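S.K.: Line by line, the protein sequences are chains A and B. Start counting the first sequence at 1; every next residue gets the next number (the working numbering). Start counting the second sequence at 1; every next residue gets the next number (the working numbering).
Simulated from the structure, these hints should not be mistaken for lab results. Note that the structure is predicted; figures quoted are calculated from it, not measured. Where a beta carbon is used, it is the ideal one built from N, C-alpha and C, also for glycine. A few of these clues could be false.
[Stated by the list, open to error] Which chain B residues face chain A? A few, computed with CB under 10 Å, are given here:
id: 1; residue: G52
id: 2; residue: D75
id: 3; residue: H87
id: 4; residue: N89
id: 5; residue: L94
id: 6; residue: P131
id: 7; residue: L135
id: 8; residue: A137
id: 9; residue: D262
id: 10; residue: P343
[To be verified] Some residues of chain A that are not near chain B, with every Cβ distance over 10 Å (derived):
id: 11; residue: I169
id: 12; residue: R295
id: 13; residue: L296
[Said to hold, decoys possible] As a list, the in silico DSS-like pairs of lysine-lysine whose alpha-carbon atoms are at most 30 Å apart:
id: 14; chain 1: B; residue 1: K77; chain 2: B; residue 2: K211
id: 15; chain 1: A; residue 1: K163; chain 2: B; residue 2: K78
id: 16; chain 1: A; residue 1: K162; chain 2: B; residue 2: K154
id: 17; chain 1: A; residue 1: K308; chain 2: B; residue 2: K120
id: 18; chain 1: B; residue 1: K140; chain 2: A; residue 2: K293
id: 19; chain 1: B; residue 1: K211; chain 2: A; residue 2: K163
id: 20; chain 1: B; residue 1: K211; chain 2: A; residue 2: K165
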Amino acid sequence: MIIDINFIGLIIASIMASAVPLILASCGELITERSGVLNLGVEGMMIIGAISGFALMTVTESLIIAVFGAMLAGVLISTIFAFLTQTLITNHVATGLALTIFGIGISAMIGKNFVGIPGKEFPVLFEGLKDIIPLLGPILFGHSIVFYFAFALPFITSYFLKKTKIGLIVRAVGDSPESASNQGINVRLVRYACILYGGAMSGLAGAYLSMIYTPQWIENMTGGRGWIALALVVFSTWNPIKILIGAMIFGGLTIIQFHMQAIGVRIPVQFLTALPYIVTIIVLVVISRDSRKIRLSTPSSLGKSFHKDN
Amino acid sequence: MNTNLKISNVTKIYPGCVANDNVSLEFNSGKIYALLGENGAGKSTLVKILSGVIIPDEGKIYLNENNLKLNSPLDAKKNDIGMVFQHFNLFETLSVFENLIIDSDEQRESLREKIDTIMKKYNFSIDLDIPVLNLSAGQKQKVEIIRCLIRSPKVLIMDEPTSVLTEQETSELFLSLKKFSEEGILIIYITHKLKEVMQLCDEVAVMRRGKLVSVSEIKNENIESLANKMVGQNLKTIKKKKAKTSSDQLIKITNLNFTSEDPFETNLMDINFSVNRGECLGIAGISGNGQSELFQILSGEIISEKNSIEFNNNYIGDLNPQERREYLMAFSPEDRLEQAAIPQMKIFENVALNNFKSSNFFNNGLINENKIKEHSKKIISDFNVNTDNIELKSQFLSGGNLQKLIIGRELITSPDLLICFNPTWGLDVGAINYIHETLIKINEKNKSIILISTDTDELLKLSDKISVIHKGKLSKIMNAEEVTSEKLGILMGGAN
Numbered sequence: 001m002i003i004d005i006n007f008i009g010l011i012i013a014s015i016m017a018s019a020v021p022l023i024l025a026s027c028g029e030l031i032t033e034r035s036g037v038l039n040l041g042v043e044g045m046m047i048i049g050a051i052s053g054f055a056l057m058t059v060t061e062s063l064i065i066a067v068f069g070a071m072l073a074g075v076l077i078s079t080i081f082a083f084l085t086q087t088l089i090t091n092h093v094a095t096g097l098a099l100t101i102f103g104i105g106i107s108a109m110i111g112k113n114f115v116g117i118p119g120k121e122f123p124v125l126f127e128g129l130k131d132i133i134p135l136l137g138p139i140l141f142g143h144s145i146v147f148y149f150a151f152a153l154p155f156i157t158s159y160f161l162k163k164t165k166i167g168l169i170v171r172a173v174g175d176s177p178e179s180a181s182n183q184g185i186n187v188r189l190v191r192y193a194c195i196l197y198g199g200a201m202s203g204l205a206g207a208y209l210s211m212i213y214t215p216q217w218i219e220n221m222t223g224g225r226g227w228i229a230l231a232l233v234v235f236s237t238w239n240p241i242k243i244l245i246g247a248m249i250f251g252g253l254t255i256i257q258f259h260m261q262a263i264g265v266r267i268p269v270q271f272l273t274a275l276p277y278i279v280t281i282i283v284l285v286v287i288s289r290d291s292r293k294i295r296l297s298t299p300s301s302l303g304k305s306f307h308k309d310n
Numbered sequence: 001m002n003t004n005l006k007i008s009n010v011t012k013i014y015p016g017c018v019a020n021d022n023v024s025l026e027f028n029s030g031k032i033y034a035l036l037g038e039n040g041a042g043k044s045t046l047v048k049i050l051s052g053v054i055i056p057d058e059g060k061i062y063l064n065e066n067n068l069k070l071n072s073p074l075d076a077k078k079n080d081i082g083m084v085f086q087h088f089n090l091f092e093t094l095s096v097f098e099n100l101i102i103d104s105d106e107q108r109e110s111l112r113e114k115i116d117t118i119m120k121k122y123n124f125s126i127d128l129d130i131p132v133l134n135l136s137a138g139q140k141q142k143v144e145i146i147r148c149l150i151r152s153p154k155v156l157i158m159d160e161p162t163s164v165l166t167e168q169e170t171s172e173l174f175l176s177l178k179k180f181s182e183e184g185i186l187i188i189y190i191t192h193k194l195k196e197v198m199q200l201c202d203e204v205a206v207m208r209r210g211k212l213v214s215v216s217e218i219k220n221e222n223i224e225s226l227a228n229k230m231v232g233q234n235l236k237t238i239k240k241k242k243a244k245t246s247s248d249q250l251i252k253i254t255n256l257n258f259t260s261e262d263p264f265e266t267n268l269m270d271i272n273f274s275v276n277r278g279e280c281l282g283i284a285g286i287s288g289n290g291q292s293e294l295f296q297i298l299s300g301e302i303i304s305e306k307n308s309i310e311f312n313n314n315y316i317g318d319l320n321p322q323e324r325r326e327y328l329m330a331f332s333p334e335d336r337l338e339q340a341a342i343p344q345m346k347i348f349e350n351v352a353l354n355n356f357k358s359s360n361f362f363n364n365g366l367i368n369e370n371k372i373k374e375h376s377k378k379i380i381s382d383f384n385v386n387t388d389n390i391e392l393k394s395q396f397l398s399g400g401n402l403q404k405l406i407i408g409r410e411l412i413t414s415p416d417l418l419i420c421f422n423p424t425w426g427l428d429v430g431a432i433n434y435i436h437e438t439l440i441k442i443n444e445k446n447k448s449i450i451l452i453s454t455d456t457d458e459l460l461k462l463s464d465k466i467s468v469i470h471k472g473k474l475s476k477i478m479n480a481e482e483v484t485s486e487k488l489g490i491l492m493g494g495a496n
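Please model the complete structure; the sequences and the hints are all you need to start from.
M.R.: Next up, the structure:
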């Protein structure tokens with residue numbers, strides 16, 4: 001049997017495509033958590049993004065409105081979380097869980113009218129270059145703009161956190177909100193912004209699922225990806241580049257185990273389905289063992305409410 | 001240029017407490033001012049008002065005749081008021097340079113040059129590119145000071161700056177402060193340590209219960225006069241009688257080693273010491289040099305090798321705290337509300353947490369509430385805890401009362417050995433006196449104490465023997481009479 005080299009390229013491209021929503025949501029949540037806020041509502045924000053994107057695409061027939069609308073929907077629902085946790089000082093964990101339950105419920109309700117409607121084709125870039133270079137062609141070219149954005153995002157996030165003043169302020173707030181506040185930094189404002197940004201990225205991740213990856217609306221279509229995104233943030237020890245690695249491993253194993261099931265490899269299906277979860281976590285734990293570095297990159301105030309008293 | 005700072009009729013009221021009651025003060029540059037008072041006297045509130053952290057209910061602040069509106073720390077910074085807080089406002093996981101650039105509008109390169117100039121001028125040496133958590137307390141304080149100096153402040157406020165410093169670091173700090181003062185920066189120095197006021201300052205303002213009690217020049221005062229103003233009554237000074245030298249060994253630690261998984265804990269290396277009956281062994285050191293690890297090992301929170309701790313001819317290194325209590329050991333940990341008591345639980349419930357077997361607090365798994373309450377009342381009256389209500393949640397007790405309750409709880413079984421860690425940390429002079437008296441009485445009853453403390457004066461007052469812990473190693477054990485605070489300071493800094 002001769003394996004077409006472009007076929008391998010296509011498999012790698014499909015792995016990358018399945019990693020996109022994880023990268024987007026994780027990088028958003030990473031910024032939120034770096035400011036000290038633990039938002040467990042990623043799954044809920046993603047599914048809201050998914051239904052909003054799909055519904056807006058169907059109703060307005062404009063992809064741009066749909067994509068930005070999905071991000072805006074993520075921002076809106078995360079505003080609820082921000083208001084509750086930052087203004088009313090509720091518990092991060094409970095509020096985040098409620099957000100996920102709320103998101104899944106409301107998306108199913110809105111989505112009733114959109115089940116079974118076919119999606120629109122999302123334009124891809126550099127389609128023509130795909131066949132020119134073997135192997136690399138299908139990997140590098142012929143993807144949507146969101147795909148390219150997702151693979152740039154970990155590097156942008158890393159640069160933002162390490163090299164920019166605002167990134168420094170975000171890290172400072174996550175390290176010690178009390179000190180930041182005494183330095184004249186508006187902790188609440190910074191945290192609001194980081195929560196809203198996380199919401200936008202989760203919304204975009206959801207829109208990618210319902211508009212590009214599998215262009216249709218299916219109830220509960222995020223299927224736990226929000227939780228994987230959360231786990232990636234923690235196990236990558238808040239490092240965007242490691243999120244990229246983790247998302248690729250997870251996406252890769254998900255795709256490969258599908259193919260293995262299809263070929264009929266004699267390994268129990270349950271084990272194959274569990275494989276991506278186990279391997280991703282093991283790999284991330286192994287590459288992030290340095291306890292000193294963990295201490296330096298873990299936001300010390302993560303999940304703790306900050307209340308400024310006068 | 002001359003700087004004049006005026007506080008005019010400042011009042012700040014919290015529910016149930018007047019933190020600042022119509023306080024007016026005036027400061028001029030060229031002098032170092034002390035703001036002296038016990039915990040809760042209102043001095044911290046006052047300086048937080050000056051630094052914009054707290055907004056006063058009434059009153060005004062003038063800098064060179066300009067009325068300042070200080071609604072946030074940013075306003076204080078803009079008006080050239082610099083403040084070094086007692087609890088550092090640093091970001092531990094960020095590098096020194098990142099900590100400094102975060103509130104500066106300057107470019108990286110020009111800021112670096114500026115910092116280098118400041119460090120050269122005042123003889124500071126700090127690596128700008130390592131994370132702050134790798135710095136010593138003294139270095140962290142220098143970072144805070146540099147942060148203020150970058151903005152060329154007119155006023156520099158230091159809040160209890162020496163509580164974490166060694167003697168050497170303290171005298172270095174004093175030299176720097178004098179230099180700043182000569183250069184025209186107005187220095188306000190907040191403390192409850194009388195010795196420092198006498199050493200450093202030119203004028204002193206004393207506060208008590210939110211009110212300004214007196215303002216005077218240092219040359220007209222002495223330690224006793226200031227102490228009496230601070231407490232509001234004449235304090236009797238207590239002295240320890242020389243202990244009868246006994247050679248009856250009670251506890252012996254042999255070749256104790258501890259290696260921590262956590263990189264921010266200190267490893268202990270080759271700890272050997274023994275304590276005789278009726279003796280108090282003091283262990284001095286700057287906080288973070290292994291004291292808390294040593295305390296946890298002695299109390300059984302961390303289990304060690306069975307043979308490494310011999311108590312009353314039993315090897316107990318592998319026993320947990322509860323089992324050790326049965327051998328008549330007792331423990332008073334450093335953090336009163338985190339480790340010694342549970343803040344949300346009532347006084348008598350906290351007392352019951354020491355469920356030593358002899359107490360009959362529990363019958364077949366049921367709580368014997370009457371017994372516990374009776375016992376709690378006895379502790380409260382025996383140990384002078386200022387409350388009648390044993391149903392009160394322990395978080396509402398003042399630090400001094402809580403410490404008395406904890407020590408009382410530990411002592412009511414008349415243990416052979418009490419191990420305490422910073423027992424008077426953060427307490428006011430009256431409570432400190434009481435705790436010290438209690439500890440001296442323990443020794444007089446031929447019982448022993450291991451006193452781990454960062455307060456050298458306390459150690460010199462109470463100990464028969466003293467050792468110093470530095471980076472997890474214990475110095476040789478010295479007789480207390482042969483030791484001076486200077487010598488301790490040198491050992492605490494790591495020199496021989």
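S.K.: Compare the structure with each hint and give your call.
M.R.: To see whether the hints hold, each was checked on the structure:
Given the 10 Å rule on beta carbons, the hint for B/G52 holds: about 8 Å separates it from the nearest Cβ of chain A. Satisfaction of the interface hint for B/D75 is found here, the shortest Cβ-Cβ separation to chain A being roughly 8 Å, below the 10 Å cut-off. Contact between B/H87 and chain A, as hinted, is supported at the beta carbon level, the nearest pair being about 8 Å apart and thus within 10 Å. For B/N89, the interface hint holds, since its Cβ comes within 10 Å of a Cβ in chain A; the closest pair sits about 4 Å apart.
A cut of 10 Å between beta carbons decides the hint on B/L94: the least distance to chain A is about 6 Å, and the hint holds. Hint on B/P131 holds. Least Cβ distance to chain A is approximately 6 Å, under the 10 Å limit. At about 14 Å, the closest approach between the beta carbon of B/L135 and any beta carbon in chain A exceeds 10 Å, and the interface hint on this residue is violated. Taken as an interface hint, B/A137 does not check out: its beta carbon lies about 15 Å from the nearest beta carbon of chain A, beyond 10 Å.
A least Cβ separation of about 8 Å between B/D262 and chain A falls short of the 10 Å threshold, and the interface hint therefore holds. Proximity of B/P343 to chain A is violated relative to the hint, the smallest CB-CB distance being about 17 Å (cut-off 10 Å). Not every Cβ of chain B is farther than 10 Å from the Cβ of A/I169; the closest lies at roughly 6 Å, contradicting the non-interface assignment. A cut-off of 10 Å between C-beta atoms contradicts the statement that A/R295 is not in contact with chain B; the least separation is 7 Å.
The claim that A/L296 is not at the interface with chain B is violated, since a C-beta of that chain comes within 10 Å of its own (minimum 5 Å). For the hint linking B/K77 to B/K211, the alpha-carbon distance of about 27 Å falls within 30 Å, and the restraint holds. Between A/K163 and B/K78 the alpha-carbon distance is near 26 Å, which keeps this suggested pair within the 30 Å criterion. With a C-alpha separation of about 33 Å, the suggested pair A/K162 and B/K154 falls outside the 30 Å cut-off, and the hint is violated.
Restraint check for A/K308 and B/K120: the C-alpha separation of about 37 Å exceeds 30 Å, so the hint is violated. Under the criterion of a C-alpha separation no larger than 30 Å, the hint pairing B/K140 with A/K293 is consistent with the structure, at around 20 Å. Among the hinted pairs, B/K211 with A/K163 is inconsistent with the structure: their alpha-carbon atoms are about 48 Å apart, more than 30 Å. In summary, the hint linking B/K211 to A/K165 is not supported, as the alpha carbons are separated by about 43 Å, beyond the 30 Å threshold.
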